[in-house]
Amino acid sequence: MTILQELQKLSQHLSKKRQPHHADAPILRVQDISVAFETGVAIKNINFELNVGERLAIVGPNGAGKSTLLKVIAGIQHSTEGKIQIFGHDPGGHICIAYVPQRNQVDWQFPVTVSDVVMMGRVGQMGLFRNPKDRDWKLVNHALKTVGMDLYSKRQISQLSVGQQQRMFIARALAQEAELILMDEPLTGLDVSLQEEMFRILDHLQTLNVTVLVSHHDLKTASKHFERVMLLNKEMLGLGMADQVLTPENLVVAYGVHLHLVPTDDGMLALGEMYGDDGT
Amino acid sequence: MIAIIMEPLQYAFMVRGIIAAVLVGIVCAVVGAYVVLRGMAFFGDALAHSILPGIAVGYLVGGGIRPTLFWWALIAAILSSLGIGAISRSTKIKEDTAIGVIFAGMFALGVALISTVRSYSVDLAHFLFGDVLGIQNSDLWLIIIFGGFVLVTILAFYKEFMVLSFDPILAVTLRLPVRSLETLLLVLIAVAIVVSLQTVGVSLTVAMLVTPAAAAYLITNRLHGMMIIGVSIATISGVVGLYLSYYLSIASGAAIVLTCTATFGLIWGFQSVRRLSKYNR
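Protein sequence lines, in the order shown, are assigned to chains A and B.
Note that numbering that gives the first Met the number 0 gives residue 10 to position 11 of the first sequence, counting from 1, and the numbers run on in steps of one.
Note that numbering that gives the first Met the number 0 gives residue 194 to position 195 of the second sequence, counting from 1, and the numbers run on in steps of one.
No lab work stands behind these hints: they were computed from the structure.
By construction, the Cβ of each residue, glycine as well, lies at the ideal position given by its N, Cα and C atoms.
Among the clues, some could well be false.
[Said to hold, decoys possible] DSSO-like mimics (lysine-lysine), calculated; alpha carbons at most 27 Å apart, straight line:
#1 Lys153(A) - Lys137(A)
#2 Lys43(A) - Lys153(A)
#3 Lys8(A) - Lys82(A)
#4 Lys132(A) - Lys153(A)
#5 Lys43(A) - Lys91(B)
#6 Lys153(A) - Lys277(B)
[To be verified] Computed beta-carbon distance windows for the label pairs:
#7 Trp140(B) - Gln158(A): 40 to 48 Å
#8 Val60(B) - Glu176(A): 49 to 57 Å
#9 Glu5(A) - Val14(B): 42 to 50 Å
Go ahead and model the full structure; you've got the sequences and the hints to work with.
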C-alpha cells in the first residue's frame with residue numbers, strides 16, 4: 000500500500016466523504032479475480048455479479064478458496080488480477096460492506112460489551128473526539144433488536160453462546176448500515192435449531208433488501224436455503240439455481256474422490272465435507 | 000500519621016518526584032491498556048531498552064542537558080519501532096524475533112557508547128533503573144507536554160484504536176487508515192516510554208506500561224474502565240512507592256514498580272480465593 004493511498008484513506012476518514020451509490024449498477028461486480036499465494040493459486044478467473052437483495056451461498060471443498068474470495072471482496076486481501084466494483088465504483092470509498100468473521104478469529108476476552116462491539120460498526124461514520132450520537136444509539140439498539148440480542152447488550156462478549164456471538168456480528172453489520180454482508184462459514188458449529196434461527200435472520204435481512212454472500216460447506220442446507228449457489232474449487236464450476244448447479248457431475252468435478260453420493264428417494268444426495276473447515 | 004505523610008513533602012525533590020510518578024503513571028496506564036490487549040508487552044520492554052543508545056548519544060552531544068537526552072531517546076525509540084516493523088514485514092522473520100534482534104543490538108550499542116566515556120558523571124544505573132528524585136522542573140514540563148500529547152491523541156482516536164485492536168478486519172472494511180493508526184500507536188507507546196524513562200528507567204518501564212493495565216483488566220469488562228482503574232492503580236502505586244522508598248531507603252523506581260506488582264498480586268489473589276470459594280460452596 001502506498002503512502003498516497005493511506006493519506007487518501009486518512010482524509011476520507013476525517014472528511015467522511017463516501018462514494019455515491021448508483022441504484023442501476025449491480026451492488027457487486029467481480030471481474031476476472033485471481034489470487035495467487037506463494038504456495039499456489041487460491042482462486043482463478045472468478046466472474047459474477049450480485050444484485051441488491053440477493054442471497055448467494057458459495058460452496059466447495061476445504062481449500063477451495065471460499066474465504067479468499069470473501070476477503071478479496073471485503074478488501075482485506077489483495078487480488079493478483081481482476082477487479083471488484085461496488086455499485087459500479089472502485090470499492091475504496093465504500094463502507095457499506097460488512098464482513099462477519101469466523102468465531103475463532105476474535106479475542107473473546109477483549110473488555111467490550113455486546114453494544115460496544117455493535118457500536119464499532121458506527122466508527123466509520125463518527126468523527127474524532129465524538130461520542131456516539133442519538134442516531135448511532137438508535138441504529139445500534141435497532142440492530143440488536145433485529146437479531147434478538149437487545150437483552151444481552153450489556154454482557155461482556157465472552158459470556159455469549161455460539162449463536163449469540165454470531166448474531167452480535169450480524170447486528171454490527173446492520174449498525175454499519177451495510178448493504179452487502181459477507182459471512183465466512185456462519186453456520187459452522189451451530190446445531191440444527193441454531194441454524195434454523197440463523198436462516199430466519201437471513202430471511203429477515205432479505206426483507207430489508209440487504210445482500211448476503213455466505214461461504215458454506217454443507218451442500219444439503221445450501222440447496223435447501225439458498226436460491227442461488229456458486230460451486231467453487233479454485234475456479235467457478237457453476238453459478239445458478241441450486242438444483243442446476245449442484246448436479247452429481249459438477250460435484251464430482253469439485254470434490255473429486257472426497258464426495259459421497261447417497262441414493263435417496265428423489266435422486267442422489269451429495270454429501271460434501273460436513274465437518275471442519277480450516278478457513279482457507 | 001499526618002507527620003508521616005508531611006515529612007517527605009518538605010523536600011522539593013520529593014514533591015517533584017511524586018508529581019512525576021503520578022503523571023507517568025497516568026500516561027503509561029492509558030497507553031498500557033492497548034499494550035496489554037494487543038499482546039505487546041515484549042515489544043514495550045524491547046522499545047524501552049533500545050532507547051539506551053539514544054540517551055548515550057544525547058549525553059555525548061548535549062553534555063547532560065535533559066531536553067537533549069529526551070529528544071535523542073525519542074529518536075532512538077521511534078527508529079527502533081519502525082525498524083522492527085520493517086524487518087517483520089519485509090522478511091519471513093516473525094515479529095518477536097525482529098524485536099529480539101533490534102532490542103539486543105540497540106541496548107548493546109548503548110552500553111558500548113556509555114563505556115567509552117570514562118568520566119561519566121551520571122551513573123548508568125540511573126538510566127537503567129530511573130532517578131525519579133533527581134527530576135527538575137524542566138523535566139516536569141517535558142513530561143506534561145509529551146504526556147499530554149499522548150493522552151489527547153488517545154482521546155481523539157479512542158474508538159479507532161479500539162476497533163484496530165479488537166478487529167483489524169473491521170478496521171479495513173470501515174476503510175480506516177490502518178497503517179497510519181498502527182504507526183501512530185507505536186509512536187504513542189514510544190513517547191510514553193521516553194516520558195517514564197527518568198521515573199523508573201529503561202529496565203522497569205515495561206512494568207509501568209503493563210502491570211497497572213493488567214491489574215485493571217482483571218477487574219473490569221470495559222476498555223475505558225480498564226484505563227480509569229489502571230490510572231488509579233498507577234497513581235496510587237507511584238505515591239505509595241515513593242513513600243516506601245523514602246522510609247525504607249530503597250531505590251525509588253523499584254519501589255514504585257514493586258507497589259504496582261503487589262497491587263496486581265492482591266487483585267489476582269483475591270479473585271483466585273473468591274473463585275475457589277465459589278466452587279467449594
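- Structure-inconsistent hints, enumerated in ascending order: 2
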